[in-house]
Amino acid sequence: MREQRAERGRGERVGALTLSKRDVRRMARTEKRARQDAAKAERAARRSTGGILQRWADARRENTARPGPRGWNRAGGAPAGMLEDLFEVQGSAVQLCGFFPFTAGAGLPVVGVPLGYHTRRRSTVCADPVSWFTAGIISNPSAFVLGQPGLGKSSLVHRIITVLSNWGTIPLVLADSRPDYVHTIRALGGQVIAFAPGKGHVNPLDLGPVVAQLHQIADPVARKEALDEMASRRLAQLKSMIGMILGRPLAPHEASVLAQAVHMLDPELRTAPVITDLTELIRSRPEGLRNVALTYDDPAAFDARVQGLLDALVSLGPSGPYGTLFSEPTSEHLQPGRPAVFDISGANKNDGVLMAAIQSLCWNLGSATVSAESHLSRAAGRRRRTYILVMDELWQVLRASGEMVHFVDTITRLNRGMGIGQVMVTHTMKDLKLPEQHLTDVAWGFVERSAMVFLGGLAEGEMGNLEEAFALTDAEVAQLSDWIGEAPVDPWTGKAGLRPGAGNFLLKTGKEAGIPFHTQLTRAEKPHTETNRDWDMTNHDVV
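Under numbering that gives the first Met the number 0, the sequence shown has 140 at position 141, and the numbering climbs by one with no breaks.
These are computed hints drawn from the structure, not numbers from a lab. Quick reminder that beta carbons are idealized off the backbone N, C-alpha and C, glycines included. It is possible that some hints are incorrect.
Stated by the list, open to error - Subject to a maximum C-alpha distance of 30 Å in a straight line, what follows is the list of computed DSS-like cross-link-like pairs (lysine-lysine):
| no. | residue 1 | residue 2 |
| --- | --- | --- |
| 1 | K39 | K20 |
| 2 | K429 | K510 |
| 3 | K198 | K525 |
| 4 | K510 | K348 |
| 5 | K223 | K198 |
| 6 | K525 | K432 |
| 7 | K348 | K432 |
| 8 | K238 | K494 |
| 9 | K348 | K223 |
| 10 | K348 | K198 |
| 11 | K238 | K39 |
| 12 | K238 | K198 |
| 13 | K20 | K31 |
| 14 | K348 | K238 |
| 15 | K238 | K223 |
Stated by the list, open to error - Estimated spans, in silico, between C-beta atoms of each pair:
| no. | residue 1 | residue 2 | range |
| --- | --- | --- | --- |
| 16 | E331 | V352 | 18 to 26 Å |
| 17 | K31 | P113 | 27 to 35 Å |
| 18 | P113 | P248 | 42 to 50 Å |
| 19 | T472 | D276 | 53 to 61 Å |
| 20 | R448 | G493 | 40 to 48 Å |
| 21 | E511 | R384 | 26 to 34 Å |
| 22 | S330 | A523 | 30 to 38 Å |
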């Protein structure tokens with residue numbers, strides 16, 4: 000039995016294969032040599048089939064339909080080095096229900112002036128009221144810019160008008176009170192017109208020589224329509240200025256006498272009278288004015304009914320506080336087709352009535368000139384020029400008189416009807432809050448009707464009805480509030496850097512999600528956008 004067990008053990012050892020360490024090393028060397036021989040043969044085959052360009056071509060043919068997540072990760076394939084990170088968005092269950100996880104973000108339209116980069120995506124943000132309107136992205140060519148002082152509102156507008164000017168759109172800055180835009184317009188080869196007491200004259204009854212050319216329109220219906228519009232603009236301007244002087248709106252009989260007197264002096268808008276002509280005509284008590292005033296053959300009653308009107312006209316005349324500013328023929332008219340700015344920086348900024356009168360007059364002159372040229376172009380069958388009107392420091396006009404709200408509303412509505420782009424600028428929604436609620440509603444309507452609104456840094460108490468009108472989210476409100484912080488000071492140099500919100504804006508179009516972007520000025524722009532020229536700034540080199 001012992002012999003049987005020994006024989007069985009010898010059989011098991013023979014059946015099992017046992018390799019020594021030497022055998023294992025020998026087999027590894029053999030496999031390595033085989034791999035090296037195969038690689039050498041492959042290299043030889045590649046050399047025989049062509050160079051690197053041929054191999055790349057072969058690889059492209061093999062992998063045409065099989066790109067990886069970052070592109071074709073092979074020789075000559077140029078795989079992407081990075082993937083854009085997704086950013087977090089939020090919405091209600093009603094808005095997002097059914098989308099998760101199948102959402103895909105849409106890119107921003109690359110249409111309009113390149114304003115800067117998206118603060119989250121770092122993609123380029125392009126926008127302006129004229130380009131977006133012509134592309135059908137917005138419904139009317141208007142924009143409103145809101146933001147606290149010193150955060151870059153004027154710089155943003157500078158960027159818009161500079162690029163649009165290069166693209167053929169003509170900028171008109173209607174009343175520059177600081178001045179902020181004079182250097183830019185002059186650099187664009189534009190016209191700088193200065194209006195202030197002792198510096199230039201502007202006749203509120205003269206809308207410019209281009210208005211007189213409306214008589215050349217052959218179609219009588221179109222001619223009458225154009226002349227009626229200009230007459231309406233002229234009368235509205237004069238009524239608003241007289242209302243500012245009186246501190247109240249004109250009574251119905253005063254407005255009627257004024258309209259009739261202007262019509263008697265210049266019924267066809269051919270030769271513009273001056274304020275003194277108007278004053279002398281009313282003082283002469285012609286029968287036509289007496290009949291309009293319902294005083295007929297009673298001169299004393301007529302004098303009593305027009306006394307307030309005459310008081311205001313005397314104030315606007317050479318004997319009034321503004322000298323010959325409004326009582327002489329206009330010293331320089333707008334030249335159609337050329338960038339222009341009305342420089343009113345020489346006016347006394349402490350005189351709110353004067354500032355509002357000059358500002359409103361410049362706005363009316365600019366928009367009337369553009370509208371008249373549009374009528375002429377349409378009648379001649381030629382392509383009309385595109386203008387963009389800049390109306391800065393809106394608060395100065397609105398605070399001068401409650402009736403100025405309706406005047407500005409009329410001007411802006413006429414501009415939209417003529418297809419003229421416009422940008423209105425003020426600091427906060429509090430600037431549009433007026434003594435009477437119905438006037439506040441009209442002023443807030445300027446912002447609500449704007450197709451695009453650029454919001455700079457604002458405190459929560461300065462947003463007015465923006466949260467309701469544009470559906471600002473809590474995150475957007477917090478972002479706007481964060482942008483109003485003060486600039487940090489370097490303890491070593493004693494110089495302040497940029498404010499955290501300088502150049503940052505939130506672009507809102509209706510109730511859609513806002514587009515936060517940052518505008519970085521180029522070296523060529525900085526000399527023309529400096530608004531602290533009167534100060535010896537020590538941090539002028541901060542970028």
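Results for each hint:
Note on K39 and K20: the hinted pairing holds, with a Cα-Cα distance of about 29 Å set against a maximum of 30 Å. Note on K429 and K510: the hinted pairing holds, with a Cα-Cα distance of about 21 Å set against a maximum of 30 Å. A hinted pair counts as satisfied when its Cα atoms are at most 30 Å apart, and K198 with K525 qualifies at roughly 29 Å. A hinted pair counts as satisfied when its Cα atoms are at most 30 Å apart, and K510 with K348 does not qualify at roughly 37 Å.
Between K223 and K198 the alpha-carbon distance is near 36 Å, which puts this suggested pair outside the 30 Å criterion. Under the criterion of a C-alpha separation no larger than 30 Å, the hint pairing K525 with K432 is inconsistent with the structure, at around 33 Å. A C-alpha spacing of about 21 Å is found between K348 and K432, which places the hinted pair at or below 30 Å, so the restraint holds. Among the hinted pairs, K238 with K494 is inconsistent with the structure: their alpha-carbon atoms are about 50 Å apart, more than 30 Å.
Taking the CA atoms of K348 and K223, the gap is near 39 Å; set against the 30 Å cutoff, the hint is violated. Taken as a hint, the K348 and K198 pair is honoured in the structure, with Cα atoms around 15 Å apart against an allowance of 30 Å. Using a Cα cut-off of 30 Å, the hinted pair K238 and K39 is violated, with the two alpha carbons roughly 97 Å apart. For the hint linking K238 to K198, the alpha-carbon distance of about 24 Å falls within 30 Å, and the restraint holds.
A hinted pair counts as satisfied when its Cα atoms are at most 30 Å apart, and K20 with K31 qualifies at roughly 17 Å. With a C-alpha separation of about 22 Å, the suggested pair K348 and K238 falls inside the 30 Å cut-off, and the hint holds. A distance of roughly 22 Å separates the Cα atoms of K238 and K223; the hinted pair therefore holds under the 30 Å criterion. Here the CB-CB span from E331 to V352 is close to 23 Å, well matched to the stated 18 to 26 Å.
Remark: the range hint 27 to 35 Å for K31 to P113 is contradicted by a beta-carbon distance near 60 Å. P113 and P248 have their C-beta atoms about 45 Å apart, which keeps the hinted 42 to 50 Å range intact. Range check, T472 to D276: about 58 Å between beta-carbon atoms, so the 53 to 61 Å window is met. Here the CB-CB span from R448 to G493 is close to 46 Å, well matched to the stated 40 to 48 Å.
Between E511 and R384 the CB atoms are about 31 Å apart, so this pair conforms to the stated range of 26 to 34 Å. Checked against the hint of 30 to 38 Å, the C-beta distance between S330 and A523 comes to roughly 32 Å, which is consistent with it.
In summary, the numbered hints that this structure violates are 4, 5, 6, 8, 9, 11 and 17.
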